[in-house]
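Letter by letter, the chains look like this.
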Amino acid sequence: MNLEFSPEEIAFRDEVRTFIAENYPAELRGKQDEGDELSKEDFLSWHKVLAKKGWVAPAWPVEYGGTGWTPTQRYIWSEETARADCIRLMPFGLTMVGPVIYTFGTPEQKAKFLPRILSGEDWWCQGYSEPGSGSDLASLRTKAVRDGDHYVVNGQKTWTTMAQHADWGFFLVRTNPEGKQQEGISFLLVDMKTPGIEVRPIITLGGEHEVNEVWLEDVRVPVENRVYEENKGWTCAKFLLAHERSGIAGVAASKRGVERIKEIAKTEMDDDRPLLANPFFRRKVAELEMDLTALEYTELRTLAGEASGKGPGPESSLLKIKGSEIQQRITELTLEAAGHYGAPYFRGFGEGDNEHPIGPEYANRAAPSYFNMRKTTIYGGSNEIQRNIIAKMVLGL
Amino acid sequence: MDFNYTDTQDMLRDTLARFLADTYDFETRKKMIASSAGRDPGIWRALATELGILSAPFSEEQGGLGGGALENMIMMEELGNVIAIEPYLQTVVIGGGALKASGGALADAVIPEIIGGNVIIGFAYAEPKGRYNLANVTTTAKKDGAGYVLNGHKSVVYAAPWATHLLVTARTGGSQRERAGVELFLIDANTPGITRRDYPTVDGFQASEVYFENVAIPGDALLSGGIDLIEKIVDEATVAVCGEACGVTRKLHEGTLDYSKQRQQFGQPIGRFQVLQHRMADMFLEVEQIMSMTLMATLKLDLPAEERKAVVSLAKAKVSRSAKFVGQNAIQTHGGIGITQELAIGHYFKRATMIEGQFGSADWHLDRYEALTLPTAA
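If you read the protein sequences in the order shown, they are chains A and B.
Note that my numbering has the first sequence beginning at 1, numbered continuously upward.
Note that my numbering has the second sequence beginning at 1, numbered continuously upward.
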């Protein structure tokens, strides 16, 4: 056992670092730090650079377009992209529906959808939650009724992230109202341009438009777009949730977040000293680094387990809980650093507003980011649900 | 010892609560904030004339009802209940408080105008680099004949876009962090040389960056009392914000409790889950402690300065911590719906978050408390 990189791994790190330095789109630089809302084009510009290089889906099997990297190489990759402050790619195609399709899909589905996920041609959204079905996802009521070689779908989904840009959505629908809830659900791939679909924006506390309601009225979906067997969609859903959770730890991005807090606190003044010299603030930064290191090495242990053949299991709930709490604490500390300048509500992004910021630049998004990031302990299976999973699946309670 | 409110105080609370229940529902508040002025001036006018309650904390000689800090607490708590965006803290608690303490001709002239609803005051004390140290002031007030000339930049001045007057801290002498030389001035907000950059705040208010460039003000704009007076009125304001927190956090708790009884998951109201029951019990404990600390500090505001500072800091530190706990858990218990602009709960959370840091974070106040009360040597 050892924590050092081998010479080959160091060479790989240098290769990755050089590639990012030479190819990361110039217009995206710094956008993460400002906390700006990113456009569809922003997300796609980096996606397409990586797709061309063949690095857009490191975790996929090589036969479907993965890189064949070892877990250590994947770790290096996420470290380096975070270190360079690269934007995060949208997960809905790459880490959510993609793995479901190559694991459960038909050869035709794989051939049709996987290349377009890799290229960025299709933007995906996730139709899971419903107004009455949040943590209790299996109670979902959007129903799909068979009519010849189509399903006719009626219902309402909510919290559908970035559905305003989506070409395709993967939806959990009820195909059997009888019996056990989990055994009446199917997994459908839906063309978002199908008549009967309406996407309505939900504006969140920081003023962002990230999530939507999706209304479905007599939406006709070809039966060939069902993944896996009818009424067995819950199997895909659980598989996907476990995948979603392992990516959700966000260790590399949080490391960058902590570094950024340190940079801010070095220049931000606390009366007669830099904020970083304030013993209370320093202690909170140190505690954050302590917990982040604990998370990092837990994730590395999990990844090592995956490499030896174990799929992401209920342990990934641990990564989700701790990762989301740390993401929130980072925004909390940033808001604290902003002091008085946490209060101004300044939308200097996305609306052609080029006015100079009010107070220090980072402060303008400190409060909205803090409000927005309350979502991390709610989405992807709330942290209460994650603790239930650990209690039941890991502890056997 | 007596923890009972007087009949007059009960009446004050009832009058305001009834008025706000009729005029300040969440949808109306939303419309006020979205309007071009960012407020409904009719509300302030009604508080002054129809209800006549802006007079509550002023003495009878000043045309008031003879109240004080307790009346301010009652008002702030009720305003917090509806997350009102009325400039009561800035105008009555801070501006009125400064005038009450300094007295003189300026007080005699302005207090009746506050009571009458004709004056709105913005408190221009914070500066870009000063954080919470009230003596860290770079804005200057240079003696010029009988008057002064102001130069400097004040940050995040709540209510400044609506203000008829600004209460400004400025330095007449001394170096940047020296206590001596910091003075308080009440000036006409439209004095030539004042420019503003106005903006909304995340908690629904309007505020400004205020710039002073060779602003000539009369000598009688000075409120005598220096940094001691400034610290006194900021302590009073801090406790008033604690009063507001009583209202804000109680609503956060109640709203969460209601939601947990309605929201069904896994075939039952989520309030049946023990993990959420304990969380809401803990929220309740925090709200109760916020109320206790607020009352304690309100009743001790007249102590000598050092003791007053210590109790105010203890109260505000507790309120900051508790407001964070209650706010975060209210959102978490609501789930996704708590993060939308649609529900009131998120807007209470935003105000609670801003209260945390207003007039000093928990850390800052604990630090001040320690410095005042805990010996460092055996």
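Simulated from the structure, these hints should not be mistaken for lab results.
Remember, predicted model here, so these are calculated numbers, not experimental data.
You may find that some hints are simply not true.
What the hints assert, rightly or not - Straight-line Cα separation of at most 30 Å, BS3-like style, residue types lysine-lysine; simulated pairs: (1) K266(A) to K324(B); (2) K238(A) to K261(B); (3) K261(B) to K392(A); (4) K261(B) to K180(A); (5) K262(A) to K324(B); (6) K261(B) to K284(A); (7) K142(B) to K284(A); (8) K232(B) to K31(A); (9) K143(B) to K31(A).
Practice item. Give me the numbers of the hints this structure contradicts, sorted from smallest to largest. Key: 6, 7, 8 and 9
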